[in-house]
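**Q** Two chains, two separate frames, one set of hints: put the complex together.
Taken in sequence, the protein lines are chains A and B. Residue numbers for the first sequence follow the numbering used here, so the first one is 1 and each next one is one higher. Residue numbers for the second sequence follow the numbering used here, so the first one is 1 and each next one is one higher.
Since the hints were made in silico from the structure, they are not lab data. Check the hints yourself; a few may be wrong.
What the hints assert, rightly or not - Okay, the calculated bits of chain B under chain A, using three or more residues with CB under 8 angstroms as the criterion:
hint, stretch
1, 152-162
2, 165-175
3, 178-186
This structure is a prediction, so every number in the text was calculated from the model and none was measured. The beta carbon of each residue, even a glycine, is placed where N, CA and C say it ideally should be.
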Amino acid sequence: MGSEPAAGAFPLVPGAQVGRWRLVEPVHRGGMAVLWSVVPADVPGRPAGDAAPAIMKIPLLQEDPTSIVGFEVEQMILPRLRGPHVPRVMDIGGFDTQPYIVMERLEEPSLRPRLDESPLHFAEVAQLGMRIAEALHELHEQHVIHHDIKPSNIMFRPGGAAVLIDFGLARHERLPDLLAEQFRLPLGTGPYISPEQVLRNRTDARSDLFALGVVLYHLATGQRPFGAPTSVGGLRRRLYEQPVAPRAIEDAIPEWLQEVILRCLEVDAGLRYASAAQLAFELANPGSVALTARARRMNRRGRWPRLGRILRAISPRPLGLAPAVPLRGAPIVMAAIDLSPDWEAISDAIRTSAQRVLLAEPAARLACVTVLRMNRIAIEAGAEAAAPNRHIQRLVQLQHWARPLGLPPERLSFHVLEAPDPAGAVLEYARANRVDHILVGSRGASSLKRYLGSVSTQLVAEAPCTVTVVKVAREERESGPAQRREPPSSAGSRGDLPPDGLAGGDDVEGAGAAEEPSAGS
Amino acid sequence: MTTAILTDLHANREALEACLEHARDHGATQFVFLGDYVGYGADPGWVLDRVRELVALGAVAVRGNHDEAAAGIEGIRLNTDARRCIEWTRAHLDPGQLDFLARLPLRVLDGPCLYVHANGWDPGGYEYIMGPADAARNLAVVRSRITFCGHMHVPMLYHMGLTQRVEVFSPVPGTEIPLSAARRWLAIPGSLGQPRDGDPAACYATFDELSNLLTFWRVPYDHERAARKIVEAGLPGRYALQLLDGI
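Isolated chain B, as found in the complex (with noise of 0.2 angstroms):
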């Protein structure tokens, strides 16, 4: 059976169709989000719409700060231009569709796997995973063989062995990676909707609990037509410009 793992959707319609095209070309018959399905990008309410449709049928989905931010929740720490995007996406959402973000989990337990946005060890804090020590951090507290999150816009893979040595690994896309049941691993599978490596291409990765093959994945899409809605619902263009460059 193969999970499809999504995240940082971040309100890409264009980048979603692809990536949901592709993972069913390939297989997938689950999936997973993890989070940030709102802010920067201007479909927001149709990407929510396709996520409930999955959540629905069984997919799992997990909250993060976006999310939170959205559906109103006290706390979250935003910079000026994804606050604005922030709020032009609650004036876009209906009730049901707010309701539907402050209600998604924080953490998920699904088999060998821990679906999170940012971390394991304080899913609700949003500290981000930039490097060995805080995925080492993350493998410390997490019990899950494997933990996937999101959060961090560039897809890595981190490793851990019987040394409790942490490396961390740059996939390479459409690769079959075994997670050898002899370490403990954290996954990133890099944004869908907002990409940051300098590739416009959307990332998502599957999984293949059976064969404990993890593949990650680019696809690209129509991110012309997206940084162009982004321009025109009047949103921050700079959101745009990171589509076109993929940085």
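Only chain A is shown next, with the shape it has when bound in the complex (with noise of 0.2 angstroms):
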């Protein structure tokens, strides 16, 4: 290495400084850019080893626009990123000097030596994919796509979350996009490409899913599910041409990871998951991945059904225009049931909330969630969980439950957690998860319950997302579940009804028999 042929006055060698910082040693070199790592300028002689660990990109600038756009397009979007999951950027340096980023070190390798290693056992790819779709969401939550995801732009922090790093064939939806119709060929990597991506088209988020189950495709059976095309002609077979079966190549594979990975690997992304975080969702919770064909499947190589229809589907839009679908078009709603048989009405009004929320949201999923409250004690004891019967019976009511809603089992799914505190398991569950919004039903108000607090006005204080309490009028919780039942409220709307007795002893933790079902008040 030593100095390179890039752009600026400055002889890249070691001690040399660039802007406000001196180059200690190049660190790795790519086909686009060099990374230095960096001290600042101010400390002369100062080891690398005591500055907090700074790189610097320097980009190659060997005549190659897309080298150059793709560099100004990193400088462009990543300084505006904020989180754990992209590197932090400490300093910006122009193109009328020397052009450089200069962000944090991050000193684990990166994933592109675990494909060495594949396959991976089933559970550790599942792991590896949530944990990358996490950073996906949070990526498409800042409007942006990153359009290259593949093994060697991932890597990962000690605590175990996914870092996504070059961003130099990213799209942010509210800026210009520099490489829009700049150049001819398809934008990306030969192997993890999206359909749409070859065909010129950067709108859409669910790219990014696609190029995630090549790489879970990948690490899971030891094999690419599309060659390394080099070609337009190479890239373009995934178009029609179906990948081999992950499950005909390492049969340890679970039906549910090939269900995963095959939909990730849909050519029409509006049949792939609506959102990265649906995508960590069901890696998360495998027994809520809905079967279809794909799990069953165990053909080789074939076509793609439906061919024409999915052409169509894909076929290019105009460019520079926003995304396609828009990236939060697809939240996680968690519908929060007490299965007491007290609190039918409220249930009742929950489904009427769900229904609207999903009727807006046709992307939307629909976690239905009721806590077993365990006794703490038995807990920590160790004793088994509440009798599996109990459990199951709790998973059968909330089936029952949401059957009106008459959802495909694709956006439902069903979850009975076991706690010692109903609103510490709703939130952590939410959390986890990433849920974008909570339906918790309320029993109304109460001045007790205003000293001791209850699992709403818990879940409203310290939910990470939206909160909706529904209510039902009193006059139709006393008079049992309801002929004439009037439309939720809002939380708070009911303040001038009388306090209602805490009938059901859910609003003080302990007061209720032990493993009562609750998950509101």
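**A** Printed below as a string of structure tokens:
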């Protein structure tokens, strides 16, 4: 390495000053850029280990417009991104002198070496996939599509969080796409590029899910689903040729994982997951994966069915416009249901609310959750979890509750949490699964409740997302399950009602019998 | 230092008041006006006085085709209704205001920016920048890194990199756009006083030269009042309707 024909007047050698940084040593050389470890220039002679670990990315401007524009794109997008799933940017050097980006140095190796160990155990593949999907979701939430997801662009923090690097092909939904129509060839990396990218459509966040599907396929089977084509003709084959079913290569792969991987690899983006969060959700909850023909397919290579329809669906749309699918249009909605008999009216009202939300958000999925309240002592003593029968009974009840919604299985899942503290369990579930919206019932105003708190108030106070508190008119609760139900109202709108008794005992922890189902109040 | 760039004010007092307040709230300390202060709207005198005050404090202002017509400069082509507006406007401006319009420059260069009303290749010819081809014509001639122009009433951002190919972008209001130094830009903030993209909210933009960030804004204002004043003044009703519909 040493001095490279990079842009700018600076000789790029160890010790050279670039901007307000001093080069220490080159740590990596890629096709488009060199990475140097750097230290702030105002601490001369200080060894790299003493400063915050930083690297400088310097583009190799070899008269290749892609590398120059790609660097512009990265300079534009990376500093705007926040959170643990992207490297933190410390400094930017402009094109007038020496273009560079200084960012935190991530010590962990990328995912790339793991490909050599593949096939990995399916549980690890799912775990890795979930972490990468979480990172993608956070990226998409910030209006950015990566467009170059591949193992060498995925790193991990010591805690396990995935970090996405190299934003040279990225697209920001709200910024000019400097790469659109700039080049005649599809932009991406051969093995991972999505069908719509092959057709030069850069407006769909689900392109990243396709690339992640390729990564997971490779990790799970040890093979690439579409090989490593280099010609445009080779890239186009994925538009009409199905990959070999993963289970035909590696029979230890469970059906649910094949379902997930092949769903990511659908040619029509509309058949993939609606969001990375929904993909992460399924990888974290294998039991909730609805198995279809994808799960059972064992064939070798074949042609996609309904080819004509698919090709129409992904025909190029005008570039430079807003993404085809809003990145935030696919929320995970959680209905927290209390299955006690005297909560029936409220559970009905929650279902009505859920129906409205699902109608407004056709790509939303619903997680139906109830909490089987466990005695804390029993848990600590390692006592058997509430009799399995009880668990299954709750599951069946949840399914019964959801049936009137008429949702297809892939939009629906059921979860019985076992915990001593219903609110805490619901909150933990919402955080872990990146729930966007919680629907929870409340039994109206109660002076006692104001002092003691309730599940719904705790959720409103602590949930990381929107919470809708569903209530039912008081008269109806007293007369049992409803004939004439009023629409559920928002939290706090029933303050004029006299306090109700704590008949269910569900407001005070431990007041009711242990192991009562409870996820409301 | 944040500069607010406002254009195609068209004698709309309510929109100008709202945008100036919005710009100050967002840290603007400098103001640039890209012309067409008058025409269509019912408050040409009030609008011109505000612009003159700001110019006296260092603001930049260039001349638009409606300003030329109102100032009595010959050769400006306008349709019948617009011509009626200009005659009404002339009758409602005092000599000082007309003189201000007549003396405005057609183009101003300021650091990396060129300010013009219609285009950079012939500011006095008032040809429109209707798409990438016109933008390319501008970027081929103008040496400044960023051209700001009005005349087109819909906000738009064109850019050209090393491949010399011009791209167009429809800006999202309130989003800071970094204007990479590796390419050249043509920004059209959109009309403050006569928006024409279906949204009645007033358009303008802010630019921070140090951070190189450009932001397009949409500012809601009492457009019904502005429309009513057009009708009450006896000006062509279509200009009132355009304020209500934003088209």
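**Q** Which of the numbered hints above does this structure break?
**A** Result: no hint breaks.
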